[in-house]
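Q: Sequence:
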Amino acid sequence: GGEPVNPGTHEPIDDVGFLENEIDHWITDILMDGWSKFARKVKLEGVELSEAIADKLSGLGIDVQDVSTALRRVDLDPESPDDWGEDDIFELSQGLRKTSKPMLLGANKIDVQEAEENYERLCELDYPVIPMSCESELALRRAAEKNLIDYFPGDSEFTILKENGLSKGQRNALESIQDLLDNWGSTGVQEAIDKAIFDLLGMIVVYPVDDENKLTDTKGNVLPDAYLVPEGTTAHEFAYKIHSDLGDSFVKAIDAETDRRVGKDYKLKNGNIIRIVASKGR
1 GGEPVNPGTH EPIDDVGFLE NEIDHWITDI LMDGWSKFAR KVKLEGVELS
51 EAIADKLSGL GIDVQDVSTA LRRVDLDPES PDDWGEDDIF ELSQGLRKTS
101 KPMLLGANKI DVQEAEENYE RLCELDYPVI PMSCESELAL RRAAEKNLID
151 YFPGDSEFTI LKENGLSKGQ RNALESIQDL LDNWGSTGVQ EAIDKAIFDL
201 LGMIVVYPVD DENKLTDTKG NVLPDAYLVP EGTTAHEFAY KIHSDLGDSF
251 VKAIDAETDR RVGKDYKLKN GNIIRIVASK GR
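For the sequence shown, UniProt numbering begins at 1 and goes up steadily by one.
What the hints contain is simulated information worked out from the structure, not anything from laboratory work. Hints may contain errors.
Stated by the list, open to error - Computed cross-link-like contacts, DSS-like style, restricted to lysine-lysine with a CA-CA straight-line distance of at most 25 Å:
| id | residue 1 | residue 2 |
| --- | --- | --- |
| 1 | LYS195 | LYS168 |
| 2 | LYS241 | LYS195 |
| 3 | LYS101 | LYS146 |
| 4 | LYS101 | LYS241 |
| 5 | LYS252 | LYS264 |
| 6 | LYS195 | LYS98 |
Stated by the list, open to error - What follows is a set of in silico ranges between Cβ atoms, one per label pair, in the way DEER data are often shown:
| id | residue 1 | residue 2 | range |
| --- | --- | --- | --- |
| 7 | ILE273 | VAL64 | 30 to 40 Å |
| 8 | ASN183 | VAL251 | 46 to 56 Å |
| 9 | SER244 | ASP88 | 35 to 45 Å |
| 10 | VAL277 | SER176 | 49 to 59 Å |
Glycine included, C-beta positions come from ideal geometry on N, C-alpha and C.
Using the sequences and the hints, build the whole thing.
A: Here it is, written out as structure tokens:
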């Protein structure tokens, strides 16, 4: 175990720097492995450097666009990667982390008395920061599961359903949590998830259905599935995400809201309810 410290005395900015540094070194180590041979091959064969680096880092979810953006932001000669030293590659790795690994800081335990000052310090960094109380969120969800309260994740308040079902301790705990919600607007947990998925990663939600009128699947379930897909995903690409056969035999898609037929290149919008029409016999 580590050495215990008093609440609020640990420097949270150090934690952020530590994580950044770990990711930067992780990327650097992968790039440095066989770099000289790799760089010579790129130069001799006339391979596009951004594509070659993206291929080398494909396991980290870093794509060609990420690499191209990072290369534009560093003062390195892309024509002579064989001249780059480890410091150069570390600088590139920092750029790759910034372009491919967007970060959000969840300032947990915001209900602790000393936390607000640390939260304000984190806000000085170049990241979105969400004040959070995971413990409060967990308590609210457990109370909601037991039908003691009516609460939806992300709400700024809750309603007690069973006053008689609460002990004095539970009632006091819920009062403290409501004070937190009054002060910060929410526990922050759902806000952090939403911001990470929709703002940082640029995802949208799409609902596939088999019947665009009843909004059901083949078993009659209403809107049974929700898919998170990148913004810009086409109807055809979405068909493949549901099933490869559906993508292979794609004919058209139907937007349930407008009852309009859309083609394979139609770019899906957030909240679209889509029926994929495929050719028979596939």
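Q: Hint by hint, say whether it matches the structure.
A: Hints and how they fare:
no.	hint	in the structure
1	LYS195 x LYS168	violated (36 Å)
2	LYS241 x LYS195	holds (23 Å)
3	LYS101 x LYS146	violated (38 Å)
4	LYS101 x LYS241	holds (23 Å)
5	LYS252 x LYS264	holds (6 Å)
6	LYS195 x LYS98	holds (17 Å)
7	ILE273 x VAL64: 30 to 40 Å	holds (33 Å)
8	ASN183 x VAL251: 46 to 56 Å	holds (54 Å)
9	SER244 x ASP88: 35 to 45 Å	holds (42 Å)
10	VAL277 x SER176: 49 to 59 Å	holds (54 Å)
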